[in-house]
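Novice: Given next are the chains, with one letter for each unit.
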Amino acid sequence: MALRKIIQFFILLFFCAFTSMGYSRQPMETLKQPISSVLMILKDPQYKAAGKKKMQRDKIFETVRNLFDFSAITKLSLGKYRKSFTPEQLKDLIDVFTEFLGKIYINKMLSEFKDEEVVYIAEDMLTEKKAIVKTSILREKGNMTVNYRMHLHGGIWSVYDVRAEGVSLVRNYRTQFSQILFKEKPEKLIEKLQKKIEEQEAESNAPQP
Amino acid sequence: MLPSLKLLLLILYLYVPLTSVFAAESCLQSGSMINDSTLNDDFADEEFDLLDEEDDDFENERIADPVKYWNIGMYHFNDKLYFWGLKPLTKGYIAVTSKKIRSGVKNFFSNITMPIRLVNCLLQLKIKNTGTETARFVINSTIGILGFGDPAKKYYALEPKDEDLGQTFGFYGIGNGFYIVWPFLGPSSLRDSAGLLGDRFLNPVSYVKPWEASIGITSYKTVNRTSFKIGDYETFKETAISPYEALKDAYIQNRRKKINE
Numbered sequence: 001m002a003l004r005k006i007i008q009f010f011i012l013l014f015f016c017a018f019t020s021m022g023y024s025r026q027p028m029e030t031l032k033q034p035i036s037s038v039l040m041i042l043k044d045p046q047y048k049a050a051g052k053k054k055m056q057r058d059k060i061f062e063t064v065r066n067l068f069d070f071s072a073i074t075k076l077s078l079g080k081y082r083k084s085f086t087p088e089q090l091k092d093l094i095d096v097f098t099e100f101l102g103k104i105y106i107n108k109m110l111s112e113f114k115d116e117e118v119v120y121i122a123e124d125m126l127t128e129k130k131a132i133v134k135t136s137i138l139r140e141k142g143n144m145t146v147n148y149r150m151h152l153h154g155g156i157w158s159v160y161d162v163r164a165e166g167v168s169l170v171r172n173y174r175t176q177f178s179q180i181l182f183k184e185k186p187e188k189l190i191e192k193l194q195k196k197i198e199e200q201e202a203e204s205n206a207p208q209p
Numbered sequence: 001m002l003p004s005l006k007l008l009l010l011i012l013y014l015y016v017p018l019t020s021v022f023a024a025e026s027c028l029q030s031g032s033m034i035n036d037s038t039l040n041d042d043f044a045d046e047e048f049d050l051l052d053e054e055d056d057d058f059e060n061e062r063i064a065d066p067v068k069y070w071n072i073g074m075y076h077f078n079d080k081l082y083f084w085g086l087k088p089l090t091k092g093y094i095a096v097t098s099k100k101i102r103s104g105v106k107n108f109f110s111n112i113t114m115p116i117r118l119v120n121c122l123l124q125l126k127i128k129n130t131g132t133e134t135a136r137f138v139i140n141s142t143i144g145i146l147g148f149g150d151p152a153k154k155y156y157a158l159e160p161k162d163e164d165l166g167q168t169f170g171f172y173g174i175g176n177g178f179y180i181v182w183p184f185l186g187p188s189s190l191r192d193s194a195g196l197l198g199d200r201f202l203n204p205v206s207y208v209k210p211w212e213a214s215i216g217i218t219s220y221k222t223v224n225r226t227s228f229k230i231g232d233y234e235t236f237k238e239t240a241i242s243p244y245e246a247l248k249d250a251y252i253q254n255r256r257k258k259i260n261e
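If you read the sequences in order, they're chains A and B.
Take 1 as the starting number for the first sequence in this note's numbering and just add one per residue.
Take 1 as the starting number for the second sequence in this note's numbering and just add one per residue.
Heads up, some of the hints might be wrong.
[What the hints assert, rightly or not] The calculated label-pair distances, taken between Cβ atoms and stated as ranges, are:
(1) B/196 x A/83: 35 to 45 Å
(2) A/204 x B/232: 12 to 22 Å
(3) A/113 x B/131: 35 to 45 Å
Treat the hints as calculated values from the structure; they're not laboratory data.
Cβ coordinates follow ideal geometry from the N, Cα and C atoms, glycine included.
In isolation and in its complexed conformation, chain A is listed as follows (with noise of 0.2 Å):
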């Protein structure tokens, strides 16, 4: 009787080391870990001193640089313009767009969060490295609808578009770079994105009223 229940357990456990193998976790499940820290970093009272606020952007920094594919999300937002732009330029690009959405989008976030909730709706695989997750989040200004496009690189699942009420991120920029790049040289949009960087950060340096 006892050994029939210890055979059942080591089958049990045999399973379960299957599952943990999966080398390619879900996209959802990609998404989700990283969402929840944040909120728990946006809620966390330790940062509510002023001086803290530094740290607190850090952090949440930290937490979504693994999740969001900056590489992509630059590349896509240039479209046709990434032909114009040399290796070097382009790894320049790279490097400042994604300071320049990480400090702005998370500046926003410390400035406008009220206790949002994150509802996640579904997980629709569109081909097996290739996936939308769509979340609604819950404010008190009425809910918005964001569906993350993720893409399944180098065994793990990143985000590569984030569709808000149905404006997607990178159509949105690329709209924006075309108009610069039509006009001006590569340098010339890594020094708009610069300057952006530098007005926001005197912004959130200067003393609060």
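Let chain A serve as the given structure and place chain B on it in line with the hints.
Specialist: For chain B alone, coordinates are given in the frame of chain A:
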């Protein structure tokens, strides 16, 4: 029986830790592979897939901007109007009212503009949504005390179905036309502007006499609605490198999404 069982247990005992080691190793490997530059060649193919997909959508939904100088002018006008007029006014309004009152007013205006949504649901042959809007109107006007409450959403889970004539035109395949920014009204397109005109006939507020009162009521509705959205426009501007282009593109994408749903 016992020795073979012992063998089985031994194998299982060894297998479990071994598999977890393999799993951890493969995770580590794939983690470091992301930063490996030799992977870029593989990625290039995948990227083109992503690009192709994005390009298709993108090319189809560009909008012409023949009256660009007018649009840019109006964009700046509306921008100043918001920061110098609407926003301070709304902040003052928020200071003297409670959230309950403002929600009530928002629900009231949403309720009386039901005909717009109802007719357009019907025109788009969305029978179920037509029924939902009808039910919402009946419930909110009665139990919801003339529309100030929204028990339809709260207790009956009946969500509002946002439809307008511009979406109806889009549903039947009419393209955007071109981009036009109206003073006060904001971004629109030729099709959507025609839609706005058509919807005026379905909007009870347009029939209020004298016309100054009608405009006054609409202005109040705008201030009330803005009281919920303060911060959104500022956020939008901060995240954009060319705000005019960003707004144009966001408008088009958002309309496309509304038409499709």
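Novice: A separate judgement is required for each hint: does it hold in the structure or not?
Specialist: Now for the hints, and whether the structure bears them out:
{"no.": "1", "hint": "B/196 x A/83: 35 to 45 Å", "verdict": "holds (41 Å)"}
{"no.": "2", "hint": "A/204 x B/232: 12 to 22 Å", "verdict": "holds (19 Å)"}
{"no.": "3", "hint": "A/113 x B/131: 35 to 45 Å", "verdict": "holds (38 Å)"}
Going down the numbered hints, you'll see the structure goes against none, and every one checks out.
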